[in-house]
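> Chains C and F, in that order, are what the protein sequence lines are.
For the first sequence, the positions run 1 to 469 when the working numbering is used.
For the second sequence, the positions run 470 to 965 when the working numbering is used.
Some hints could be false.
[As the list claims (entries may be wrong)] Heads up, incomplete: computed chain C residues facing chain F, CB under 10 Å, no partners named:
(1) Pro17
(2) Gly19
(3) Met401
(4) Met426
(5) Ala430
No lab work stands behind these hints: they were computed from the structure.
Glycine included, every Cβ here is placed at the ideal spot set by N, Cα and C.
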Amino acid sequence: MTSFNATQRVSDDPYGPRGFPQATIVLAPWQRVAGWSTLALLALWALFDWRQELLVINAVFTVFFLLSTLYRVMLIDASLRCPREIMVGPEDLLEPPNGKEWPKYMVILPMYHEGDVVGKLVEGLRKLDYPTDRLEIRLLIEEDDQETMTAAKALDLQPPFVITPIPVSYPRTKPKACNVAIEEGDFDYLVIYDAEDQPETDQLKKAAVAFSRCPDNVACIQGKLCFYNSTHNLLTRLFTIDYSTWFGLCLPGLDAYDAPIPLGGTSNHFRLDVLRQVGGWDEYNVTEDCDLGLRLFARGWRTRVLDSTTWEQACHLVRFWIPQRSRWVKGYVQTYLVHTRHLWQLTKQLGFRDSLHFHLLIGGSVFSQLICPFYWFLVLLWLLFRPVGLSHFFPGPIFAMGALCLFVGNFFFAYTSGIACIRRGMGSLAKYALLMPFYWIMMSAGAWKGFLQLITKPHHWEKTKHFAE
Amino acid sequence: MTPSASQPTNRTRWLWLLAFALLVVLRLVLPFRASDTMLAHSAVVDSLLNGHNWGRQALVATLEYPVLPTLALLLARVVATPFPFAGGHLLVALCQAWTILYALRLAATQRQRLVVLVGLVYVGAASDVLDAFATADPNWVVAPLLGAVVYHLALWHRGRELRDAVLAAANAGVLAFAGLPGIALGLALLGGMVHFVSQTARGSQEERNGLKWLIWTPFCYCVLLLFLWNWLIMDSPFFLLGQLGQALRGKHTADIIETVTNALGSELGWFPLAAMLGAGLCLSPGRPLRTTATALTVGLLAVVLARTLSVALSLYAPGSGIVLSTGALGLMALSLAGTDWQGHRWRSALGLLVLLLGIVASHLFPGRPLVVEASFADGAPPRAEIEAFADQQWPQSRVAVYGLRPPAIYHDPQEQRFVARVDFHEGVFLTQANDEIIHLLLPPDDDRYYPQGVSPFSSMTTDGRPWLLLERTWPSGWQLWRCVITPERHSKLEGL
């Protein structure tokens with residue numbers, strides 16, 4: 001039987017005990033030095049000429065905004081111009097891809113304090129259209145999570161369901177549980193779902209067929225995610241629009257460019273042998289899926305997008321939504337910092353073009369969210385009070401670029417969000433896309449929470465709250 | 470979803486790019502005819518580059534010299550800086566080449582090379598079109614937008630790819646920045662798109678609702694931006710509609726209707742009318758591109774209406790001649806590209822015959838030229854003469870000019886001798902007069918510079934003001950007034 005040791009330390013490197021760079025610490029020594037040096041320089045500059053300093057910083061930020069906007073235009077245009085999502089029709093699912101038998105599939109479901117939803121989850125997964133003798137569904141339950149364990153045992157689960165207890169050890173994160181789950185077992189493919197997920201019933205077969213159609217270097221297939229409770233309230237509507245844009249336009253755009261794809265949290269279908277070969281998930285990273293997607297790419301493996309949807313539950317309360325968002329942002333920063341520890345090596349591995357994708361998508365999106373509130377504040381200031389001094393920081397070319405981002409860029413983002421809804425068959429949600437600026441403000445709030453938490457509690461896992469329907 | 474069959478390969482894309490570059494170079498070599506429209510927009514661009522308030526005001530405050538051509542000219546000027554040709558010429562060359570490219574791509578998409586041939590005949594035969602092509606007018610920026618709308622509409626009606634709908638809607642939306650004809654054209658084209666969605670959408674109600682939102686949103690946003698910019702710069706969101714309102718107040722409804730109905734024939738010109746008719750005849754029901762052609766025909770008729778209404782109100786309809794010329798070209802491209810020659814030969818032949826007759830008619834009974842533009846610099850007294858006159862008594866005193874056209878004629882980037890403002894406020898003028906000796910240069914009350922009879926300048930030219938002294942009147946009707954409120958530092962009594 002093939003095995004994989006999720007806790008094996010293969011290196012003495014404190015930054016990568018399992019043989020690949022991990023988020024065991026936030027900053028590598030040189031990053032720390034560079035960070036403090038930059039701050040010191042900025043402080044010194046401010047003492048001499050703070051106006052000139054602000055002008056230059058503003059110019060840099062504005063150019064960055066413009067580049068980010070152009071990059072997003074490019075991605076979305078590519079997704080609309082030459083969609084590459086793998087389409088598998090019902091007629092393709094009648095026979096196994098090799099004509100004999102369907103590949104062996106492992107489904108893993110990390111759960112923690114999900115006693116309320118475990119019954120519904122099992123009920124949903126029973127609908128999966130896949131031969132049960134070729135399938136194993138592992139419910140990953142922490143040993144001390146009595147609530148979930150009791151609820152799961154009460155269901156008297158039969159194969160393909162298996163309860164996999166996760167021993168109590170640190171860090172207590174979802175990727176750690178996933179790593180433990182893949183330690184044992186001979187399977188061809190693996191998929192990870194969240195506790196509240198409702199994948200399309202033929203998704204496993206579609207993924208198996210998709211793998212068979214893809215070249216050998218495709219190690220992962222990302223399903224699309226959407227929300228089944230999108231019309232619950234305004235937040236869920238905006239959240240759905242956000243998801244539709246990400247999974248319906250941005251990821252297909254990356255796919256079209258054959259660029260590194262940061263995986264979404266669930267519905268990632270892997271070739272299990274490759275997953276083990278690259279070391280599984282980084283248990284210290286709070287967006288381990290994003291990190292894994294990039295690690296796969298850096299090692300020459302590719303990810304493709306499958307046109308099959310997993311329906312999730314959108315968080316409908318701001319007080320739970322913000323922590324979830326903060327974890328994502330924290331994880332993106334972790335991932336960015338981990339992968340830029342060896343910047344030159346990363347550029348060599350990815351190539352110039354794909355490393356630009358990495359910087360703009362992973363670093364750029366977080367950076368945008370962090371600095372956006374300041375610019376929204378400036379816009380409000382300008383609209384309401386029109387302070388004369390502000391023009392000093394916006395000389396002609398900077399003003400032109402800034403105005404372009406403000407009037408065209410923001411509209412573009414909102415408009416394309418609406419397009420994403422239409423593309424996902426949710427046209428009635430499109431009109432809410434014009435309210436996305438309010439959602440972006442919330443995103444920035446989450447980003448700042450995540451960024452600050454990276455300093456205070458870098459490995460704290462803000463668990464997403466799921467609600468029983 | 471599979472990649473659209475019409476998506477060009479990399480090689481084809483490079484070929485199109487090469488063709489585009491060649492067309493641009495060719496156009497730059499050919500001569501340009503100067504226009505007052507270019508003069509006005511250039512003045513606004515100069516002022517913007519110098520950071521003056523008049524430039525900002527002129528950018529957003531009028532429908533006659535709309536924001537889109539000005540911004541396009543500004544961009545072209547910046548791009549053309551290192552090159553030995555004018556930015557305005559570069560803009561026109563780029564736009565014309567781009568428009569032609571759209572017609573060629575449409576023809577290539579439909580696998581009908583004939584359209585190229587007929588298009589060349591059309592351009593050669595119609596003097597209006599040639600004249601429009603020769604004119605250096607920044608409103609040419611509207612032509613590639615129209616080309617993009619038609620091209621993507623045609624693709625959308627055929628393949629139903631969302632990207633084409635988005636691009637058609639976005640390009641039509643930007644037309645809101647192109648003055649009254651642009652707004653009319655955009656509204657008509659988008660209305661056509663929505664009608665098509667309502668009538669033929671195969672998808673669910675959900676999809677139809679989404680598509681309608683997708684179609685209208687860019688246009689509405691652009692209109693909203695116009696109001697926002699007017700609020701920010703002119704302190705009134707509806708300032709740009711003020712001139713239109715004044716013009717409407719200054720005319721009787723019956724007169725407007727009469728002028729419009731009388732003007733329709735002559736304003737439209739025979740040729741575009743014939744082209745539209747011919748296209749309509751060619752595009753019998755059931756043809757693949759008939760919906761696009763119908764939307765375009767309705768759009769062009771809307772432009773004709775906007776143009777004649779503008780003429781009736783003595784307003785300049787920017788780019789309407791260009792839109793009508795290129796629109797007719799687009800219609801012809803569509804009708805020829807979409808024509809099922811095998812099935813409807815007699816109808817196609819009839820359409821072509823009408824087109825031919827139209828060409829002949831356009832020469833026999835020439836209507837008012839389509840390229841007719843706001844010619845406003847004629848008759849204006851020379852700048853040096855005004856300065857010399859003012860210097861006789863008040864050396865280095867400044868002259869206030871208001872609106873858009875007079876400041877464009879007497880454009881003074883440093884505002885050393887001519888002070889320009891778009892809006893006139895008596896209080897502000899008098900405050901200025903308290904600081905310096907100031908003259909007021911008033912153009913004649915002939916509807917060319919401000920609405921006759923209703924503008925405050927109308928009464929000034931006839932009755933003056935208690936604080937104004939008429940110093941000189943030119944034969945063309947231009948008047949130079951001086952404000953008699955003497956600033957303290959200029960007081961003749963100061964030395965006593």
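> Against this structure, judge whether each hint is valid.
Hints, verified against the model:
no., hint, verdict
1, Pro17, "violated (44 Å)"
2, Gly19, "violated (40 Å)"
3, Met401, "violated (12 Å)"
4, Met426, "holds (7 Å)"
5, Ala430, "holds (4 Å)"
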